[in-house]
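What follows is each chain in one-letter form.
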Amino acid sequence: MSDVYYKNIKKITNILLFLENVSEPAYNELVEIKLGNDSVITGQVLDASDRFTIIQSFGNTSGMNVDSTKVRLTGETAKFNVSDGMLGRVFNGLGEPIDGGPSVYGGERRDINGSPINPYAREEPSEFIQTGISAIDGMNSLVRGQKLPIFSASGMKHNQLAVQIAKQAKIIGDSGKFAIVFGGIGITSESANYFKEEFEKSGALDRTVVFLNLSSSPSMERVILPRVALTAAEYLAYDKGMHVLVVLIDMTNYCEALKEISAAREEVPSRRGYPGYMYTDLASIFERAGKIKGKEGSITMLPILTMPGDDITHPIPDLTGYITEGQVVLNRELDKKGVSPNIDVLTSLSRLMNQGIGANKTREDHRDLANQLFAAYAAGKDLRNLSEVVGEGALSENDKKFVDFSSRFEKDFVNQGYETERSITDTLAIGWTLLSGLDKREMKRLKEGEIKKYGKWEE
Amino acid sequence: MEGRVTRISGAVVEAVGIDSPNMNDIVRVGNAGLLGEIVRLQDDKSIIQVYEDTTGLRVNEKVSNTHTQLSVKLAPGLLGSIFDGIQRPLEKIMEQSGDFIAKGVDIAPLDMEKRWEFTPIAKAGDTVHEGQIIGEVAETSLIIHKVMVPVGVHGKLDSIEKGEFTINQNIAIISGDEEKIEVKMLQEWPVRKFRPVKEKLSPDIPLITGQRVLDTFFPVAKGGTAAIPGPFGAGKTVTQHSLAEWSDADIIVYVGCGERGNEMTEMLTTLPKLKDARTGKPLMDRTILIANTSNMPVAAREASIYTGAALAEYYRDMGYNVALMADSTSRWAEAMRELSGRLEEMPGEEGYPAYLSSKIAEFYERAGRVRTLNDSVGSLTLIGAVSPAGGDVSEPVSQSTIRVTRVFWALDASLANARHFPSINWLNSYSLYEDDLTSWYTENVSKEWPALKKELMVVLTREAEINEIVQLVGYDALPEADKLILDIAKIVREDFLQQNAFDEVDAFSSIKKQYYMLSAIKMLYSVEKQAVDNQVPMSTFSGIKSKELLAKMKFVPDDKLETFNSEFKTSIEEVKNSVVVNV
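Listed in order, the protein sequences are those of chains A and B.
Numbering-wise (my numbering), the first sequence opens with residue 1 and increments by one.
Numbering-wise (my numbering), the second sequence opens with residue 460 and increments by one.
Keep in mind the hints are simulated off the structure, nothing from the lab.
Warning: the hint list may mix true and false statements.
[Unchecked claim] Result set (PhoX-like, lysine-lysine): computed pairs, CA atoms no more than 20 Å apart in a straight line:
(1) A:Lys-444 with A:Lys-456
(2) B:Lys-1013 with B:Lys-949
(3) B:Lys-1011 with A:Lys-444
(4) A:Lys-295 with B:Lys-551
(5) A:Lys-444 with B:Lys-1006
(6) B:Lys-949 with A:Lys-440
(7) B:Lys-949 with A:Lys-400
(8) B:Lys-532 with A:Lys-447
(9) B:Lys-818 with B:Lys-652
(10) B:Lys-1011 with A:Lys-401
(11) A:Lys-167 with A:Lys-201
(12) B:Lys-532 with B:Lys-652
(13) B:Lys-504 with B:Lys-521
(14) A:Lys-447 with B:Lys-1013
(15) A:Lys-293 with B:Lys-551
(16) A:Lys-447 with B:Lys-1004
(17) A:Lys-79 with B:Lys-562
(18) A:Lys-440 with B:Lys-504
(19) A:Lys-440 with B:Lys-1011
With the hints as extra help, turn the sequences into a complete structure.
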């Protein structure tokens, strides 16, 4: 906007600058912070006022001081330059290239905050995505335009699972253009390299846009990164007609950064020190997934978060679960048993499953079969716990069949490894085989016709 | 006189120099003309809550006062529409600004050009009073819109005209005490203000929902209040959708408050396709949707609940039974918390404002079965979903809600995980309307109803106790009488309580069917009990035909119920003859 530099800094904290008498600042306007040694750090207006303006620095504030540090308003809010040239490139959290390549020219600069999709313009997601993973496809199916997070915890192989989904995900009988937008938020360079190598191996790298903020990068960039990534995704989906899979990992680091800013502003915290507006803030990211009527492309979102202390009621997984259309939950106990992927199908959920499955999509028996598997596995697990208390002898013959079923379900259905790809037909077939170990009379969720057609009971 | 912005912090903006600012005045903020409401006056400053995203708004931009309050526009054309939290029509916004919602959009909520056929009921010369119905418009295939004398107006009807009018044309002239008042179909009402009624009546008619667990065990009255708390994934939204689709209210107002965009889209796609069970007309014709999804501005989310309530009260005043579903009131409370934080108010528990519980109580107080100003009887039922953090209902929003609502439908994550739907926990839920509604059930369903449902509830309660013993000694060690309870309880749970919202027949269970199902289970219970008393072991009953039939009963359509019931009775007779008698 101007070449005016403001020098009346009154206070600097580890992430915030408090300025007096700034002329006409705009809310969320980007600023340039110039240090005494002429190095420049980007920042953003958090509270615009004709008296005290609060600025959040995206870089480290060390080295800044109240005498020689100056601030310039850039006259615009955060924008990202979108174009085809993004594909195959690596950017930092602010959208600047960090792969040694040139800047991306051409294209269009778009506000990274986007605008909410008009609910009336949305198209109901209804195309089944085959991930090749039975625990997801069979029990908690993913559909195009859905936001389905993976709730992981420290020490679990969510990276492998994310790669497996990204590699195997396909729509049966569809050859539409697809792209991956990968956002690494505060991840280690090891994880970053792992993802890069895997995308390279599968030949997906030139259809991938990578945004990377490593554990060592400035933490404040993490608040911007998902928004930049989604601006790229929206361009590819709605301007270029691509089906975009957005992988965001690890959203826990995002929330930590949010907490840091809130604490620095001395806001009243809600649960466990996280800001009261975290729900709204997360929603402004997750709700950017979807499909729009009359547009070819779509955004399917796969955010990954680690549950602190394996606690699903922690504010981060809790608020996420209230926004997203289900969740895939990884389980410590299954992990210890060597089940991989260690997906707990019972606490997992896909809210859009019904729209994506059934006749002409997967198969007409899919819904009932999944319900029956859920019910039988839940009953089997309960009985297994019971038998640990009272001994197996106290179980009836019928109960023992359920216990046996629950073990085989984990072993044969869920445990498929990170390399195996199963078609939906294979997944359903395994389900029917497993059920045949139970009494046919217990099949209350299945219809007679389905049992006749697909059942594997001996007559 | 125009004011100017002095500070912007999220949805809260400070301004000075606004022309005679009053509390709750609606203002236009900034060059983009963002909609805002004055929520506090302090010295020369006005504190404004802005209903749109303030990103990019600059200090010193102008602020102008519209000198109106946040109001809803009331007229034919509301039904079948979808609005945002401040009654802007989402369909028209899309026509104007495309797939994404632009800022500063200013569109009339209702179609001002469309002409409606108005039929007067009152005639010139009549003395009319506020709220009196003076004419009718066929608004949709399901609903006759009653045009009422605006609140606060009374006098002699000078003229009233029949014919086609837009909602903004004069249809009648009333000579008031001092002046002549022109009456249009279009009226306005401030959203935060209760619409007046003559008196509140006691709620003694149930809202039939077609959901067995609700109608049978935890009924809500027409004009009652209900809370649905539960953790994510427990089925709050599916329950709310089922209620919107199947309950026998005349009008449904569904407020999607800070929830998922795709869910509102799902309603928009399914409702027009679903037919009303009684009339065969599309359900959308009785529905108003309000969608302020989680990523839409937080201040409009705060307003959305009031917008919904004001629209609902308007139709109630016409003498209709209206049900309002709010999903989720926790997001509404969070919006209040966020705004309160920005206003730097002293926080109460968990950062919520100290006035949280009074706001919640005030909202639910808008429910009721009432005698309206025109002496018709209408009702407004309020059903609010609550999303407690971590599913723990000890938090402030849940607590403030269950203190004022009279029905509590406790959603249970463990039931949902086992895919027991609707996952309403029968041990923790309650309905305080049971006594008020007993006489309706005995008169309209059966004299046996109260005893029947009580007996089966006892079975379910006993089951929980027995299961604790099973945990210690195992099933085999149980006395046969206890095994009997477990056997029947399992049938009640699986074949009665569980209901598939996605099955064509099972999605809605008429009261008649619920009664048949209850009595069928009772028949089996009696036979088995008799047998156990005669020392017959419970294992005899595994796999009998009656149980197979009970499992299928939920899928039997109403017109085949009689045939099915006699088949079931025969099967019970067989059991009696082969097992009970032979001992």
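Taking the hints in turn, this is what the structure says about them:
1. Taking the CA atoms of A:Lys-444 and A:Lys-456, the gap is about 16 Å. The hint holds against a cut of 20 Å.
2. Distance check on the hinted pair: B:Lys-1013 and B:Lys-949 sit about 15 Å apart at the alpha-carbon level, within 20 Å; holds.
3. Distance hint between B:Lys-1011 and A:Lys-444 is fulfilled; the C-alpha atoms sit about 9 Å from each other, no more than 20 Å.
4. Our distance criterion of 20 Å between C-alpha atoms is met by A:Lys-295 and B:Lys-551, whose separation comes to about 19 Å.
5. About 11 Å separates the Cα atoms of A:Lys-444 and B:Lys-1006, which keeps this hinted pair within 20 Å; it holds.
6. Among the hinted pairs, B:Lys-949 with A:Lys-440 is consistent with the structure: their alpha-carbon atoms are about 17 Å apart, no more than 20 Å.
7. Simply put, B:Lys-949 and A:Lys-400 have alpha-carbon atoms about 18 Å apart, close enough for the 20 Å limit, and the pair holds.
8. The hinted pair formed by B:Lys-532 and A:Lys-447 fails the criterion: a straight-line CA distance of about 50 Å is larger than 20 Å.
9. The suggested pairing of B:Lys-818 with B:Lys-652 holds, with an alpha-carbon distance near 12 Å, which does not exceed 20 Å.
10. Between B:Lys-1011 and A:Lys-401 the CA atoms are separated by roughly 24 Å; this puts the pair beyond 20 Å, and the hint is violated.
11. Straight-line distance between C-alpha atoms of A:Lys-167 and A:Lys-201 comes to about 10 Å, which keeps the hinted pair within the 20 Å bound.
12. Between the alpha carbons of B:Lys-532 and B:Lys-652 the distance comes to roughly 14 Å, so the proposed pair stays at or under 20 Å and holds.
13. A distance of roughly 14 Å separates the Cα atoms of B:Lys-504 and B:Lys-521; the hinted pair therefore holds under the 20 Å criterion.
14. For the proposed pair A:Lys-447 and B:Lys-1013, the alpha carbon gap of about 13 Å is at most 20 Å, so the pair holds.
15. With a C-alpha separation of about 15 Å, the suggested pair A:Lys-293 and B:Lys-551 falls inside the 20 Å cut-off, and the hint holds.
16. Annotation: proposed proximity of A:Lys-447 to B:Lys-1004 holds, straight-line Cα distance about 16 Å (limit 20 Å).
17. Of the supplied pair hints, the one linking A:Lys-79 and B:Lys-562 holds, its CA atoms being roughly 17 Å apart against a limit of 20 Å.
18. With a C-alpha separation of about 74 Å, the suggested pair A:Lys-440 and B:Lys-504 falls outside the 20 Å cut-off, and the hint is violated.
19. For the hint linking A:Lys-440 to B:Lys-1011, the alpha-carbon distance of about 15 Å falls within 20 Å, and the restraint holds.
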